[in-house]
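Colleague: Below are the chains, spelled out letter by letter.
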Amino acid sequence: MVASVTSILEKYNKDKTRLMDILLEIQEAFGYISSEAVNEIARCCNISTVDVQQTISFYHFFTQKPTGKYTVYLNNSVVANMMGREQIKETFERETGTKFGQVSEDGLFGLFDTSCIGMNDQEPSAIINGKVFTNLTPFRVKELVRGMREGKDVEELMVEGYGDGNNGNKLVRSMVMNNIRRKGPILDDNYTPGIVIWKKLPTMTPEQVIAEVKASNIKGRGGAGFPTGLKWEFCRRAKGDRKFIFCNADEGEPGTFKDRVILTERPKLLFEGMVIAAYAVGATEGILYVRHEYKYLQKHLESILQGARERNLLGKDIGGIKGFNFDIRIQFGAGAYVCGEESALIESAEGKRGEPRDRPPFPVEKGYLDYPTVVNNVETLCAVVKVMLNGGEWYRSFGTQDSTGTKLLSVSGDCKYPGVYEVEWGFSVYDILGMVGATPDVQAVQVGGPSGTLLAPVEFRRILGYEDLATGGSIIIFGKHRDLLKDVVLNFTEFFIDESCGSCSTCRIMPVVLRNKLLKILNGKGVIKDIDDMLEWAKVLKASRCGLGQTAANPIVSSIKNFRHLYEQRVRMDTDFDSGFNLAESVKDYIEASGRVIVE
Amino acid sequence: MSKPVIATTSLAGCFGCHMSILDIDEKILDLIELVEFNKSPIDDIKHFTKQCDIGLIEGGCCNSENIHVLREFREHCKILVSVGECAIMGGLPAFRNGIPVKECLREAYLLSPSVQANHEYIIPNDEDIPMILDKVYPCHEIVKIDYFLPGCPPRAELIWEALVALIKNRPMDLPYEVIKFD
Ligand SMILES: Cc1cc2nc3c(=O)[nH]c(=O)nc-3n(C[C@H](O)[C@H](O)[C@H](O)COP(=O)(O)O)c2cc1C
Ligand code: SF4
Ligand code: SF4
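First to last, the protein sequences are chains A and B. Numbering (numbering that gives the first Met the number 0) for the first sequence: 0 to 599. Numbering (numbering that gives the first Met the number 0) for the second sequence: 0 to 181.
Be aware that one or more of the hints could be misleading.
Claimed, not checked - Quick list of the computed label-pair ranges, beta carbon to beta carbon: (1) A:R236 to B:I98: 49 to 59 Å; (2) B:P170 to A:Y416: 39 to 49 Å; (3) B:D24 to A:G390: 50 to 60 Å; (4) A:D357 to B:M18: 37 to 47 Å.
Claimed, not checked - Only part of the chain B face toward chain A is listed, based on derived beta-carbon distances under 10 Å: (5) V68; (6) K134; (7) C151.
Worth flagging that the hints you see were computed from the coordinates, not collected in a lab. Glycine residues also receive a C-beta, built at the ideal position from the N, C-alpha and C atoms.
Based on the sequences and whatever the hints tell you, model everything.
Modeller: Structure, rendered in structure tokens:
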């Protein structure tokens, strides 16, 4: 075994900053990372075994024990549950004779839960040995398990045929559906790859490119909404021998899947955007950081990159521009939502735990390997190509004054047509509901994923845009029959608990405290004061270092704000404060252990 | 109006939060002007001599004495504030919460390599010492707490701002830079 670990190490020059790739390959080759492998990595990369272990233990898809010949990761997002996940889970457990979180005794099956895998429009879904299986039914699960017992390959297990578009491409061969429902400038079919690189860049200086992007007023599509032109300008001005362009394709916010569709259908557009960014800031290296859940797209993406190199759209003197050299590599993650946070993304790409950095300095000054780095979302980089092609002024004709252009929405939940919609900013929630065929009895809409807002019908006139509902594009619709507190708020809160990187005590502990309080209320033991306490404690989370902790209370806070009656219906009104604490009970163990005599 | 009366205590804390109260430098003089201290380690008043307006609690509850003091504070103070990580979430002492208290006691008094003179294998049980609780509790799980000030310890400016806001009955202005604590 050690022999092959050695060859993997050699492939990456025993470079500790490539630890993620080394671990990914070992995990894939052996199904787990043994302690001998850990020792070997530590020795060769000249780091301590603890350094290796702490990276392994951080990521969901790295394991130090075998996870079964067939490893099933079943999505546990809110929408997966709404679409019947519980039945799927039971069927898997019954058919394999194994519980979730365990590996069967014969080592054939390993069943595990996992956070949203970016398939909310085709749930319930699971990743089995790296392949995505969507729209699972109990019947299908029985078939799958039977096939596994017969020793079939995962490819053979996919009998449904392939999904639409490039999902059927021989390098992808996936049953995932794109479900593109509405196109705009980004998803437009009329696009000639490389046109900006060939026709525009040679006629413009980097400063002019930045000026054009600024003129478009485009802001980041990853959630934070920072003006893209300004970010590029900061990075251009920053001093550094090397500069990097990162594309953030971590897409971990439950309910978002539009970047997956772009990676499948418009990767050339994305890479062209990265080249434009590189030209603007003077970068020579690019990294596309893709979440592990989308690893099935690897060959497809690699082949597009290779094609671009052959066409001189990457490499040396790109587009005939003397001295403009830039290339892109793909970095896969290994399952951690927080790695979508830009500084955690960089840490992860450096082979470390994906813990967000304390800022400042910001990545534009000190990013990857401490060099100036631009991190942009997939969609931002795609939009920039169209800005360059048609001009900033053209781009501003879409959307609103403050929010120019279009936004890709990932729509899921209780509606007829879940999928990806490209709309202009300024669309109201009400319009969206009409467009996606949501039933008339919508109870609530979650805009922006768990870190966003849970809207009640009175607010459906609100619009999408940085001036009102800023969002990365996740829209989840809940019908009247859903139990918002139990099915939605609790699930979201547990998501944050699972995904906290653990650096800040606030973010590590407070969501647990909040969850326990929520459970107390759900179990009928809560009092009115508990509701107000949760609002008060939520403020404590604002002290956290990154957006994960800072928004971890949003599901609770926004549901209390908009659906307070649901909480009040469940709390006891007979008493004002009841913590359930009992002193005599809580000292019992001590008295027993010490043999203390209690004098009344 | 007479000066508002303040009481403070350190339960299962490290006194770091109290140090932070003192860390307001020369503003401590303003504070003395603004308020009167009652039961508090700061003036070493051991027992409540009157009803107070504000009680500041550092630390969570790890033993019966903490419970007693905290309940006393609730009775004597109009407003109770949990100050710092330990009071709000249990903090460092709560690291033992995953381990049964019997195991903790055995480890500390009987098994640990540093135990040398305990020939009779006694876990301290004198009736005068407080009894250890099964786990460390944040204050709000024992009594009603009105406000929470995050930090480990909360920065001096934060404590100051909060006190002034409470006394003057105005909303708190707490920018991220002041509440962030890592
Ligand atoms: C917990 C957390 C997760 C995030 N996940 C993503 C993500 O999956 N994709 C993304 O583009 N941005 C994500 N972001 C935002 C990034 O930090 C960053 O702002 C963004 O990638 C910048 O690109 P943009 O300016 O093009 O939006 C996340 C932020 C936080 C705090
Ligand atoms: S807020 Fe949470 S996820 Fe972010 S750095 Fe702190 S502990 Fe990590
Ligand atoms: S919060 Fe920090 S400073 Fe305050 S008592 Fe606890 S450990 Fe000490």
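Colleague: A separate judgement is required for each hint: does it hold in the structure or not?
Modeller: Tested hints:
1. Roughly 53 Å separates the CB atoms of R236 of chain A and I98 of chain B, a value that falls within the hinted 49 to 59 Å.
2. For P170 of chain B paired with Y416 of chain A, a C-beta distance near 45 Å keeps the hint of 39 to 49 Å intact.
3. The hinted window of 50 to 60 Å between D24 of chain B and G390 of chain A holds, with their beta carbons roughly 57 Å apart.
4. Range check, D357 of chain A to M18 of chain B: Cβ separation about 23 Å, and the 37 to 47 Å hint is violated.
5. A hinted interface residue such as V68 of chain B counts as satisfied when its beta carbon comes closer than 10 Å to some beta carbon of chain A; here the least separation is about 13 Å, so the hint is violated.
6. Against a cut-off of 10 Å between C-beta atoms, the interface hint on K134 of chain B holds, since the closest Cβ of chain A lies about 8 Å away.
7. Among the interface hints, the one on C151 of chain B holds; its C-beta lies about 7 Å from the nearest C-beta in chain A, closer than the 10 Å criterion.
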